Amino acid sequence: MIEFNLNGKMVETDVPDDTPLLWVIRDEFGLKGTKFGCGIAMCGACTVHLEGAAIRSCSMPIAMAKGKQVNTIEGFDGKHPLQEAWIEEQVPQCGYCQSGQIMQAATLLEKNSSPSDEDISAHMSANICRCMAYPRIKKAIKSAATKSKSAVNIYDPATSEES
Amino acid sequence: MNLLNNFSKKKTDDSLQLSRRKFLIGAANSALIMAFAPLTMSMTTSATEAIKQNAFSPSIWFEINTLGEITVHVARCEMGQHVGTALAQIVAEELGANWDDIRVVHASSDPKWGFVMTGGSWSVFQMYKPLSQAGAAGRLTLIDAGAKILGVSPDSCEVRDSKVTSGNKSVTFAEIISKGKFDRTFTPEEMATLPIKSPDKRHTIGFDRLALDVPPKTNGKAVYGIDVELEGMVYARPIIPPTRYGSKVLRVNDSKAKTIKGYLGYEILQDQSNWIEGWVSVIADSYHSAIKAADAIKVSYQPGDTTNISEQDIIDEGHKLVNSKNAGVLFVNDGDTDKAFDSAANTLSATYVTHTAMHFQMEPLNALAELKDGIWHIHCGNQSHSLTLPAVAKALGVTDDEVIIHQYYLGGGFGRRAYGDYAIPAALTAKQYGKPVKLIFTRPDDAKFDQARSASVQKVSAAIDDNNELFGYEHNISAGWPTLSMAPGFMPKGIDDKGNFDPFSTSGSDHWYSIANNRVRTINNPLAQKTFTPGWLRSVGPGWISFGAESFIDEVAHELNKDPVEMRLAMLDGKGKNKGHHPQSVHGAKRLKSVLEQCKKSANWGKKLPKNEGIGFATSFGQEREMPTWIACAAHVAVNPSSGEITVKKIFMTLDCGTVVHPDSALAQIEGSILWGVSLALYEGTEVDKGNYAATNFHNYTPLRMNDMPEMEINFVESTEFPVGLGEPGVIAVAPAIANAIFNATGIRLRELPIKPEHIRQQSKNA
Ligand code: FES
Ligand code: FES
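Protein sequence lines, in the order shown, are assigned to chains A and B.
Note that numbering that gives the first Met the number 0 has the first sequence beginning at 0, numbered continuously upward.
Note that numbering that gives the first Met the number 0 has the second sequence beginning at 0, numbered continuously upward.
Keep in mind the hints are simulated off the structure, nothing from the lab.
Errors might be hidden in some of the hints.
Said to hold, decoys possible - Far from chain B, by Cβ distances over 10 angstroms, these chain A residues were calculated:
| # | residue |
| --- | --- |
| 1 | MET9 |
| 2 | VAL10 |
| 3 | PRO19 |
| 4 | MET63 |
| 5 | ARG135 |
To be verified - Straight-line C-alpha distance at most 20 angstroms; calculated SDA-like pairs for lysine to any residue:
| # | chain 1 | residue 1 | chain 2 | residue 2 |
| --- | --- | --- | --- | --- |
| 6 | A | LYS141 | B | ASN706 |
| 7 | A | LYS137 | B | ILE494 |
| 8 | A | LYS138 | B | LYS324 |
| 9 | A | LYS137 | A | PRO114 |
| 10 | B | LYS220 | A | GLU83 |
| 11 | A | LYS141 | B | GLU710 |
| 12 | A | LYS138 | B | LYS393 |
Remember, it's a predicted structure, so these values are computed and weren't measured experimentally.
Quick reminder that beta carbons are idealized off the backbone N, C-alpha and C, glycines included.
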């Protein structure tokens, strides 16, 4: 039995230890916003936060999440400034990569409240968008950064639920 | 030739033919329903009667309820192009609806449906006129009912913001629906004469609306095929045989799999259509267990006869074919090309090769299949019910009306989800195992079962007359043909009557340059055809054919000491067959000339550039002559001759696609497709190796990422002409523009796609 914190709630699962976190989130707990793209940490579609860091859940055995804090796109509850910016800039095309893009971008803003073009490219090149909505992803990150310097602190669902 | 008609002629119940249908307006479940009647509707059935029995054409219809909510039901899939929004905008425009009242529902398939396909950049082009008329019919009906309620004459009424207004009195759509009675049929003739708004009165078309599918794609709520679950389902993963066709399973040893928790067993799939042969499906209670079990199972095969085929074999075959005088069928034959070449003062020719390119759409292939009350329910995102449904039915050995396909968001289509053959192993596993089955391809499985864009070889030749003018042109094209494998009934005859050909592997060669003697021959590559299933990949034929055609125009210009842009402009005279016709290609080649002139200005053609930098041009007319999207593209590149590294600094693109219905998503489509063009030119491509694609996952198939992104300058020509397609055409001109730019920067001519640094290094060495 493995226990961990998922979007602010303690949950437990008895899947085999080597099951990737991705399938546990999706198929055990029904949070389908996190996507499967490659299974080898090359595309970023499965990006979630583990203790606040963006990780590839397809390549993270569930055993490593034991006792830890996992946040997914659903945890933002549509309230993260990036999500607003994503709508404003009309970023998604097919949309399949976008949960991962937003989760990845959120950790950039956490460390760097006014990223340059180069900062964004360097951080976001871990994530593929096959529709190549890159210009808009970039624009949306910039606009979220300028609108809300404090973006990040507010959007950790764990802390926001407790407070 | 019209590809679209060609596809549609096959079925009667098709959206193109909406223009030949009656239009019904009636009430059902206290909502006002507006829909096209099927051709088979009897003369005496009333509109309300037909609507109550759901006896209307499902390709598109809309309803207004007593709250004033307007729901547009569309039989088009959403794969990133926001098509629902654009189609709803057309309806809303004519109806006089407030955009906030509009909802879009993407319908599932039903056996009674006709030909439905999202692809070929057709949706808006096909639906523009019938939808405008449908909206206008709705408006007239609402005006009549509203005028009655207000006690005024219909002539005094206007419709706007979901209200009928006369002077200072007004009534909302919601009130009209609650109070009015509706039962009205418009004949096709009446529909054709309905007044449609002039462009200057528009309030919805041409304006940006937030696309309706965007919000659920930012919060994880959008449901894709891979997200669907059903009570009692099990998971499956396929084990794909060593050859695409003709493999047979000899033995399966699952002793190691038996130790894996959750492993439930395997099935050797029995496909009655033989589309898939030698497949084993591995079943488990979770997908992770299915993956592990499939890895642990040993299958021995008698493979098909393509185990040794390589990319080079396919390309060698292509070279043979384009050099043989009689292969293939004629597609274009203007003037007397043989005579031109015989009498030429000078001739030149060049051969271009493009390598296998793959879809790698973000959502791996998957489908969920369930047999319920004698009906097969297939849940998956797909671009064409009409191609997929019969294929699944045939594999299962049932009739088409025993299959229903449920539609979801597509995590990318790009042509891979047009012929939805990935539903076949899901359905067969469900049939044989006797439970609902969710079958998911891992990325390597998906890659192995891709329908790749075939490698191609093209030979282009020019005859030059005594005045140093191009007067004869010959283009021989050879590749594997998607349509031959997946929809052979849709292949038209060549003009020499020597057989049928794939328009999706040929279109793009029928250019708009005026050249007196002009011949195109299109040839199937049988070796490609039997080794894998050639696929439709975004921008299809023109996406690789224009690489040959537009590179070659530059080669000719350089040979003749002409400016390649000026030479193109001179050939775009809009004369003869290049005059175009009303409505979709009105003004013909002159519109292409005009975008090229504008693009030349934006790119500042002729300005001095630093050493090893160059600008190159190419034009495109989109997916097909009958639906031209006029495009000029300039690429600005920098080349490092010793490392061979190529940097695309900027892409300029000027487009004329007629009326732009939804400017912001049009721009998004072009941004995405330019980057696709760059990606296919420089970063993608694979090889066939031992009968399979060499690329297996994103570590060895490497589409462009954000750090490779060039700057882009995109200009749309303002136009009120007939709208044409936008989903794919932006891809086409990019690769030849880059190749031409590399030549202008370095003097190195590259005739192979993808373009690789080693090609440059090699040629720098040779020079
Ligand atoms: S699915 Fe995890 S990185 Fe691609
Ligand atoms: S929006 Fe389609 S993959 Fe990114």
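Worksheet entry | Ascending list of hint numbers which this structure does not respect | Of the numbered hints, 3, 5, 7, 8 and 12 do not hold.
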